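Next come the chains, spelled out residue by residue.
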Amino acid sequence: MAGAPHIHIEDLNLHYRTKGNGSVTALQGVTIDIAPRSFVSIVGPSGCGKTTLLKVLSGVLRPSSGKVLLENTPIGETDLSGKVGYVFQRPLLLPWRTALDNVLLTTEIARKDMPLAQRKAEAREWLKLTGLAGFEDRLPHELSGGMQQRVSLSRALAFRPSILMMDEPFAALDEITRETMQEELLRLWSVTESTVIFITHSISEAVLLSERVIVMTARPGRVDEIIDIPFPRPRDEELRGRPEFTSLVQHIRHKLHPRV
Amino acid sequence: MKNTLARIAGQIGVFFAFFALWELAVDLLHVKPVILPPPSMIFVSMVKHWLYLLQNSWPTFLAVSFGFGIAAVLGFVIAIGIAYSRWVSELTYPFLIAAQVIPKVALAPLFLIWFGFGLAPKVVIAALIAFFPIVINTARGLMSVEPELIQYMRSLGANWREIFFKISLPWALPYIFASFRISITLAVVGAVVGEFVSSDTGLGYVISYANTSLDTDVMFAGIFVLSVLGMLLFLVVVLIERLFLSWQAAVEGTPETM
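Protein sequences, first through last, are from chains A and B.
For our numbering, add 12 to where a residue sits in the first sequence, where the first one is 1.
For the record, in the second sequence the residue sitting at position 130 is 116 according to our numbering, with numbers rising by one throughout.
Calculated from the structure, these hints are not laboratory results.
Since this is a predicted model, take the numbers as computed values, not measurements.
Mixed in with the good hints there might be a few duds.
Heads up, simulated DSS-like pairs for lysine-lysine below, C-alpha to C-alpha not over 27 Å straight-line [to be verified]:
#  : chain 1 : residue 1 : chain 2 : residue 2
1  : A       : Lys67     : A       : Lys31
2  : A       : Lys67     : B       : Lys34
3  : A       : Lys67     : A       : Lys79
4  : A       : Lys132    : B       : Lys152
5  : B       : Lys34     : B       : Lys18
6  : A       : Lys267    : A       : Lys132
7  : A       : Lys124    : A       : Lys140
8  : B       : Lys152    : A       : Lys140
9  : A       : Lys124    : B       : Lys152
10 : A       : Lys67     : A       : Lys124
Which residues of chain B face chain A? A partial, calculated answer using Cβ under 10 Å [said to hold, decoys possible]:
#  : residue
11 : Gln41
12 : Leu135
13 : Leu142
14 : Ile153
15 : Leu229
16 : Ser232
We treat Cβ as the ideally placed atom computed from N, Cα and C, and that holds for glycine.
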């Protein structure tokens, strides 16, 4: 598997045609550069086109104009098949499959070349890494929301994607679980080769996790500011208490609510 | 466990209470057996005519099974068309609704002309009645799959067969079995209507013949056997459902009994 690609988005515009003759501009003049193996968060109010941007990057939506390049090749000409892992806000597990079999789902399709025994061993390993050792044979309904999301994360990591797209993955979790998951995600990311593109509503989450935070504004979706987060890794919860952290969070908050 | 036993005992108790009340009411109000025989008399009649009733259960069983089987296969195929082709769904939906609105029972005499006396008209009516819930539920189940999940599978390089058998079909199974439960009882109704109109065998025929000869106790015996047959068929569907959807019984917690 080739490593994570360099992603370059330049002057991307995306218009939706609406019923009648109108059109809505979802993304306008978006220019972003994402280095291989980096962790990039996108924050912004609802309707700023975060999810739309994710769909463009997964090749589901075609840009109206502008460039989206992966390793200098336009996204339309790149075969992304089996290279992008997803974690959604809801775990979206298959309720009839055990935790282990849910993790196996992605490799069953994207890694047919790998023998089953090896895929199983690796799936078990991912469940162990996400703290689910001993829960391999449980059905999703027997697991808590946080555990289900761990299975979903394991499922996405199991086939070693070059890009991991996470669309508000922790939004439905309670705060304590959420903070644990953030630390675990950082730990997991450090052992993978993936670029993570992380969408969130939570400013502090973005600052804690990312190397780069892209702040977007709504209607039309535009990049307001791209902020490099300088904190060294490994990072942990302690960071939250540091004044530099708080001032960065504050800075982004002012960007998003100019009047506050 | 203790709870389950208590519940089953209660369920059986309701049946007993019903029959006891019936027996008592007939006795106290001096109702003539030709109007409403007491359960004890029906029981005696069932024992007396057991062979006759058993022999006539077979054609009814066949009609229900074939009718249901045809409805299940056809319903499934058409549901796939509706779920995956906008073209098919838009074209066929109005027709399906219109066909559903026609009381199929009213078509029974027509099928007598078309298919004659034997098994065929009964099977056709049973299939027609059982068909609709299966189509609608199966299509709904197939369409209820999370679109994000399907997109995910596509992005991994899954072909339609993998998506259908790994995701969509198991996803739709609870819907499909829910419709089977409804349809198996509807198929019984269909078969019996067929036997009322155009048959010289089957429990429907037993009931209508006993009715014309004022053998009310035999008629009730036929109704009893029919309801037992219906319940057994329902039970078979539920057992098959349990087999396929053991994970779902676990989701629901306490599995319910019929």
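To see whether the hints hold, each was checked on the structure:
| no. | hint | verdict |
| --- | --- | --- |
| 1 | A:Lys67 / A:Lys31 | holds, 21 Å |
| 2 | A:Lys67 / B:Lys34 | violated, 73 Å |
| 3 | A:Lys67 / A:Lys79 | holds, 15 Å |
| 4 | A:Lys132 / B:Lys152 | holds, 17 Å |
| 5 | B:Lys34 / B:Lys18 | holds, 20 Å |
| 6 | A:Lys267 / A:Lys132 | violated, 46 Å |
| 7 | A:Lys124 / A:Lys140 | holds, 23 Å |
| 8 | B:Lys152 / A:Lys140 | holds, 25 Å |
| 9 | A:Lys124 / B:Lys152 | holds, 15 Å |
| 10 | A:Lys67 / A:Lys124 | holds, 26 Å |
| 11 | Gln41 | violated, 43 Å |
| 12 | Leu135 | holds, 5 Å |
| 13 | Leu142 | holds, 4 Å |
| 14 | Ile153 | holds, 7 Å |
| 15 | Leu229 | violated, 13 Å |
| 16 | Ser232 | holds, 9 Å |
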